[in-house]
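Numbering-wise, UniProt numbering puts 65 at position 65 of the sequence shown, and it's gapless, one number per residue.
Source of the hints: derived by calculation from the structure; they are not laboratory data. Among the hints, erroneous ones may be present.
The list that follows gives simulated cross-link-like pairs (lysine-lysine, DSSO-like), each with its CA atoms no further than 30 Å apart [stated by the list, open to error]:
id, residue 1, residue 2
1, K12, K72
2, K7, K69
3, K72, K7
4, K70, K7
Here are the computed distance ranges between Cβ atoms for each label pair [what the hints assert, rightly or not]:
id, residue 1, residue 2, range
5, T44, K10, 35 to 45 Å
6, Q37, T67, 19 to 29 Å
7, S6, K70, 12 to 22 Å
Ideal placement from N, C-alpha and C gives every residue a C-beta, glycine not left out.
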Amino acid sequence: MLDVQSKSIKSKFHLYIKPVVNPELTSFCIQLTGITQDMVDNGTQLENALEQHHQWLIDNHLIDSETHKKTKNWMYLTCGDWD
Numbered sequence: 001m002l003d004v005q006s007k008s009i010k011s012k013f014h015l016y017i018k019p020v021v022n023p024e025l026t027s028f029c030i031q032l033t034g035i036t037q038d039m040v041d042n043g044t045q046l047e048n049a050l051e052q053h054h055q056w057l058i059d060n061h062l063i064d065s066e067t068h069k070k071t072k073n074w075m076y077l078t079c080g081d082w083d
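Between the sequences and the hints, there should be enough to build the whole structure, so can you do that?
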C-alpha cells in the first residue's frame, strides 16, 4: 500500500496461489516469472487468499469491518502487460 502523499510504502500483501486446474507450472512460466513449482505447491487456495486479502483491507482501514464499504479513497494499481 503506497501513501501517495508521503510517497512511502505503508503495507504489503503478497501470497502465492496454489493452482487447482493446472497445478504443474510449465518451464515457460517458471522462466518468465521466476516462480517455482515449490512456491505454488506451498501456496494457499484462492478462497483462503481472498479472505486474507479482505482482512488485510480491514486491518489497514481501507474498508469498514462491518459494512465492508471503503473508508477512504484508494485503488488497485498494476504495472505491466501481464497484470
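Hints versus structure:
At most 30 Å may separate the alpha-carbon atoms for a hinted pair to count; K12 and K72 meet this at roughly 18 Å. Note on K7 and K69: the hinted pairing holds, with a Cα-Cα distance of about 25 Å set against a maximum of 30 Å. Restraint check for K72 and K7: satisfied, since their Cα atoms lie roughly 17 Å apart, inside the 30 Å limit. With a C-alpha separation of about 21 Å, the suggested pairing of K70 with K7 holds against the 30 Å cut-off.
Taken as a hint, the range 35 to 45 Å is violated for the pair T44 and K10, whose Cβ atoms sit roughly 23 Å apart. Taken as a hint, the range 19 to 29 Å is violated for the pair Q37 and T67, whose Cβ atoms sit roughly 41 Å apart. In this structure the hint that S6 and K70 lie 12 to 22 Å apart at CB holds, the actual value being about 20 Å.
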